[in-house]
Structures are given as structure tokens and as C-alpha cells.
Amino acid sequence: MKIAAFLPELLRHLFKKPATVDYPFRKLEVPKDFRGTPFLDPDMCIVCKACERDCPAEAIEISDVNPAEKRFRMVIHNDRCIHCAQCVDSCPTTPKAMRMDSLFEIATDDRHKLKAEWVYVRAVLKPKAAAPAAPTAEPKA
Amino acid sequence: MSFEIPIGPQHPALKEPISLRMTVDGEVITGVDIRLGYNHRGVEKVAEEKNWTQNIYLTERICGICSHSHATCYVQGVEKLMELAPPKRGLYIRYLVSELERVHSHLLWLGVAGHEAGFDSFFMYTWRDREIVMDLLEMISGNRVHYAINTIGGVRRDLDEGQKARILEGVATLRKRSEYYFHIGANEPSFVGRIAGVGMLSKEQAVSLCAVGPVARASGVARDVRKEDPYAVYDELDFELCTADTCDVLGRVVVRVKELLESYKMIEQMVKGLPDGDIACKAPRKAKPGEVVSRYEAPRGENIHYIKANGTDKPERLKVRAPTLGNYPATVEMLRNGFIADIPLIFAAIDPCICCAERTVTLVGARNGEERLVTLGDLRRLAIERHQSAPPKRNAVWPI
Amino acid sequence: MADLRTVLYLLVYPGLVFLFVYSTFCEWFDRKVYARLQNRMGPTHTGRFGLLQPIADFLKLMAKEDVVPEAADKRLFSVLPVIGLAVVSTAGLLLPVWNFDLGLPGWTSFSGDIIVVLYLLSLPTLILFLAAWSSTNLFATIGGSRVLTMLFGYEVPLFLSVLSPAILADSWRLAEIAAFYQARPLLLLANLLGFLIAVVAVQAKLERTPFDIPHAETEIVGGTFTEYSGKKLALFRLTFDIEMVVASGLLATVFLGGFPGGAVIGFVHFVVKTLFVIFLLSLLRALTSRIRIDQVVSFSWKYLAPLAVLQLLATILLKGLLK
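Chains as they are written, first to last, in the working numbering: chain A, 1 to 141; chain B, 1001 to 1400; chain C, 2001 to 2323.
None of these hints come from the bench; they were simulated from the model. Keep in mind it's a predicted model, so treat the numbers as computed, not measured. Do not rely on the hints blindly, as some may be mistaken.
[What the hints assert, rightly or not] Computed list of lysine-lysine pairs in DSS-like fashion (alpha-carbon distance at most 25 Å, straight line):
| no. | chain 1 | residue 1 | chain 2 | residue 2 |
| --- | --- | --- | --- | --- |
| 1 | C | 2032 | A | 27 |
| 2 | B | 1258 | B | 1080 |
| 3 | B | 1164 | A | 32 |
This is chain A alone, in the form it adopts within the complex (with noise of 0.2 Å):
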């Protein structure tokens, strides 16, 4: 065993610029393909809800669909999302319409102001010949 045998790399730290970033001053930049919070693209949508059948967390919310209006409305529950990018995974179009941003600095003091919504006219609703009977617009409690 040897005294101070963890002396030399100590006094070699005290020379060498701190491994700790000053944040929020300065923050650091997130890879490509971060998991971030989902949005939706709505022109790319087909409503076949297989993310909100997917979702663990059930943060998305899919209600109001319109075929005849071509309209839907579709509520992510940010404050609810454990943002493991599954919605992006499950959803069959390409491109596709559920997507992943980079922010992660989302945390507000009121968990409402964390739901983001989409009202869209004008939706492109495919006919749904393959996927299960989901229930068309089951109105919310």
C-alpha cells in the first residue's frame, strides 16, 4: 500500500479544465435521434390509431373523428408521455406522421399547459380495410 497514492492525478486535476459544463449558462448539444416529445404531422396522418393503442402511458387521445368533414382531434398528453418513441415506431406511414423532436426541457409548474393538441380539417382518411376495429369517435368523459 502507498500513502498519497492518489496525489500526483489530484494535483494534475487542479491544471486541467473542470469536466463539469456551467449549465443553464451553457448547455450542451443532444446527439441526432434523441428521444425528445413526440409531434404529429398532420398531413401525413391516416387516423389508423395505432399509437394511442400502442402508447404505455396512454398520452395520446384521438377523439372527434369527422370522415365525412375529414377532421379529427388529437391531444398528446405531454405530462403523461414517458417518451419512449413507441407512437413512432407503431405508425405505418412513411414518411412518418408521429415524429420526435429534441426538447427535453419541457417542465412547467402546471401539468395542463403540457398537453399539445392538433384540430385538423382537411385529413386524409385512408379506409381502414387491415387494421382492428378500433371505435370511431368515442367521445372522452
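Starting from the known structure of chain A, fit chains B and C onto it as the hints suggest.
This is chains B and C only, laid out in the frame that chain A set:
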């Protein structure tokens, strides 16, 4: 003068709530009473309400440090039930993330052991190097914790050449740093004085108390699921089973550092030998009826999942036996006849992941302090009665 | 006029205000050095370079709620932090930096004041023990017994090693000891071993790693300080900061040649030399891990005390040779 010291449920030595009531005589411990259940979340019950894909994310969140272990153990079992054969490339990526998780967990543990001993500089250095692994995992999977790289039938993301080069670079840096930490851990006199001869668990005791993981391997019991029962890619990789003979906390440090070096070897083999092909195969939504037991070597020991399917798209039963639960009886034995000053070190040496181990419940009456042990049969009966008399719910009712 | 001067002396410089400001500056220096040794940043945002961080911590603690446990002895519990602060501040007045005239001994510089400083610096340990005992908390009781056990370890080496230079300089007055070494700087090297022992013993007195056993956070929650909160805890922490300044001032006087050159130059010497001793204390803090209470006592009596006796013998031999 003998009195009872409560360590927990809230204590700076514990990262998670658990109650250890120690009976002490001066500075020597004469008995320990472990009480669990402060972190019980009902994961096994919730798993019966979610379909196979959603359960991947649920099992991942049983623990934060060994999240990939639980998800992989579950997915292995479900793939067996659905009789799927995931492609080789997908398996290599999945177990590459497993070994990276083992590296991150052992570096975390080294830092925590240093902090419990008061050696804060060691803690800061090992966690700084752990950032290299966290950045690699973020690059591969999109998040630093809860990688969610598994899907039933393979993995969700692929690796490209740039990422492979960065993994090899990161592992080379880490290998140098880990060897330096080994040197420090074994040679710094104040640190070794704290961990040598502390928390003794002989080989016979380790076998009879069913200790798992590095705790058992530090007592000379050569058991590792990757060697005894190789699953997926482990029979193609070349690595050694690390044991130590000292049966104390120093042995556990040595075993974990040796496992770190073995993991670096395995990661390099997997990255260099990554086969081409698909990363996943298509999985059906429903599983045929059957039951499966899936074993996996998590950083803390042997992780066992039992899954029963009944032909629908939801499991009928999921049972999790996390490795820390297996180490609790051994902990009681290790703490006996130790000093108070050694409690945090001995407890930290089993690498406790308390949230993994929340399976038992003792009901203690709040007003009169009387304790009632509720058996599994009674709990099931109570739960079924409650479930049958409650109205059917399609979606969860959120409390807002 | 003399009364006003005395009051200013006691309250402002070198009294409470100066000690408060300087000890918070030393705590900032200690935290910055400790952080840089660990490759981190240390305090950065409060004030320029984080200089106001310790003052901010003190003010925050003063503003928090003060809870006294029901079973505790209220008067003893409340008065102990104030006594601690008074004791170390008085010890601070005796350092030979505040404009001393060697020929005229007065209330703040007299023969035997080195013993008074050592005595006043041992009192906080007893005060800590009383604080732990009057808290009637299980963890505090264990902390209190550990405080006294450590006292049996480090006091003897500290006293022996600090008294060796005094024996060589043939005086028990701090100002005269400092003047002796200022005249013959080479003799400082004869006390090097004593200096190292004194640094380790002062680290134990200040209860910093590797000797922070009495308030070991991961073992016994807060140890002696478990039940203290709010203003009382703020005063205790200030007591420890001032004790660090006074102990390093004592070591700088006796082992590093004091503070020559009058008011301004002497003050600069004071700052530089105390910061050097505090740098050594921070280095020791970052270098080692906490040791167990039984290991403290065995380490002190197996290594520190014999080395201190060796230093004493060497000093006596040297003194005989010099005559």
C-alpha cells in the same frame, strides 16, 4: 447498553427507502431486521392490463440502473412464448447495450462505494468517466437512462460505422481509467482499511443463503448465468468468469472491476464482429398459451422473469425476481457482528437496487402498531373481490 | 476615545465582522480548491466566481425555521452555538497580526498566549459533545461519543508538535516566536516534521475528511448536528469556519515565520500564509477517505504521537547544539 438504530426508510446512506432496524451493543451490531415495501408500485398487477409491447416499457421502469436487464429478460421470455427467432444483428446490438449497461452500473457502484466510505474524490472521478458510457448509450438509443432499445423480435435502432468507431474509442479510454481505479482502490490505505475484512460471507453461507451475482462470486462461488446457461450471443463470445477469494467488501470491489475489464473485451468483440442483416423480425400481437421462465445476468446478479400467456394480447401473469431480493438474507448475515461505521459499506457492497426488490408486504396497523402478515392467497382473494365489485374501466382515470 | 477604539477592535477589525468576512472567503477558497482537485467547478454563480456563496449559505440558514426537540434541554441547546462562536473569535484576537509592539505585552499578546490559544481551540470539541448530548437524539449521541473518542487521539500530537518550535524559540509568546523565526528563517526547516503532524492533527480538530467521523453523513445522518437547524446551525458552521482560520493562523505563526512588516505587509503575509495552510488542508481532504473511529485512535497513537515526540527530541538536541 443495547438499543435499536433505525437505518431508513430515509437515510443519507440509502438511495431508496428501505428499513433496516439494527440492534446494536456499543458500536457492534447484534441483529438486523429488514423491512421492505416502501417502494411497492404494483408493477406485476399493472402488467396484466397492458399488451406485450407496452409491457416492455413497464418492465424497463422497474429500475433505473438495470432497466435494460428487466426489459431484455422480459423480451427474451416473450420471444420464447411467441416462438420467434430474432436476427443475429438485432441480438448483437441488444447484448451490446447490455454490456454497456453493465459497465455503467459498475462504474456507478464504484462511485457510490467511494462516497459511502467518505472518499468523495474517487466518487467524482468514476462518475465523470461514467459520462462517457452515458453519452455512448444516448448516441445509440436516444436516451441516457431507460434505453428502450428492445422490441419484441429484435431491436429498434441500428448502428452505423461512425457510432461503432466512437464506441471503440470510448471503450479504449475507459479501459485505461478502470485499470487506474483498480490500482487506487487496492492501494489507497484509508480506503482499503475501510473495506478489507468487512462484511464477511463464507462460501458455505453464500451457497446456503442463495446469494447471487458479484456477492456470491466474491466468496468464491463461480456462478454466472452467462457461463452456465448461455443465452443468445454469449456462447459465441470469449470472456472469463470473475471470482475472488477474500469473501469481503474488497473482494466484491475486485470482482466488479474485473467484470468491467471483461465487459470491455466483450464490447470490442461484439462491435468488431457485428453481423449484417435485419435488426428485428415481425412479432404477432397475440401469444399462444404457455408459460416461460427467463433468466438473465443483470449487473447485480441473476434476474428471473416468469411469464404466463393465455392466448390474448396481454400477459396473464408476470412475476419478477430481482437479484437484490435474493441477496437480502445474505445481507443480514453479513451485517451481524459488524461495526455501525461499516453499515453503509456492507449494504452498498451488495449493490442494492431496492426498487427492483419490492415484492413483499407486511401490514402494520397505524394506530396500534400491530403487524399482520398477509399471505399471497389472502391478497389475491381481496384483490379479486375488489376487482369484481368495481365497475369496468376502459381507460385509466387520472386524478386531475 | 479609547473605549470607541476597543469596541471597533472587538466588533469590526479584527473582531467579528472581519473574522466573518475572512472566514467565508477561506471557505470559498477551500470549496474551490476541493472542486478543482475533483475536476469540477465549485461555486460559480453567486457573486463573481462564486465568492458570495458561503455568505449566501449563511443567510439562507439564518432564514430557516429553528426547531428545538421536545426532550432536549432548551437552554443548553440554544446557548451552545453562541458560546462556540465567542470562544473561537476570542482565540482569533490573540494571533500576532494585528499590529503588535514586541516590547509592550498587553491583553492580546502576553507570555503564555500560545497555551491560551490551544486551550480556546480545544473548547469547541467539548461544546460539540455537549451539543450532541443535549440533543437527546440517537444519532447525535453516537456522534457525541465519537467526538470525545477522537479527542483522545489528536490532542496530544497537536500540542507536542505546536510546542516544539516554541521550545526552540525559547518563548511562550506568539509574537516573540514569530520574531525569532523571522530573524533566523533557516531554522524553520527544523520543524518540518512537526508542521506535517500539526496539519494532520488540525484536520482532525476541524473534523474534515479523513476525520469527519462525528458528523459522517452517510453513517449517522448528521451526527452531532442532527437536531440543529436554522440560526443555531448557521452559527455552528460559522464557528467551524472561524476555527479553520484561527488554526491555520496559529500554524502559520509557529511554523511559517509569522507575519512581519507592520500593518499592511503583515496583513498580506497573513492572507498568503493562511491560504497556503488551507490549501494543504483541502488537499488532505480530497486525498483520503473517511477512516473508522477505532482506526483514528490507533493511527494517532501508533504514528502521530511517536513522530511528535521525535520532533520534540530533535528540537531539544538542536537547541543544545545552538547554544
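Hint check:
Of the pairs offered as hints, the one joining residue 2032 of chain C and residue 27 of chain A holds, with about 22 Å between alpha carbons and a cut-off of 25 Å not exceeded. Simply put, residue 1258 of chain B and residue 1080 of chain B have alpha-carbon atoms about 32 Å apart, too far for the 25 Å limit, and the pair is violated. The hinted pair formed by residue 1164 of chain B and residue 32 of chain A meets the criterion: a straight-line CA distance of about 15 Å does not exceed 25 Å.
Violated hint for the displayed structure: number 2, the only one.
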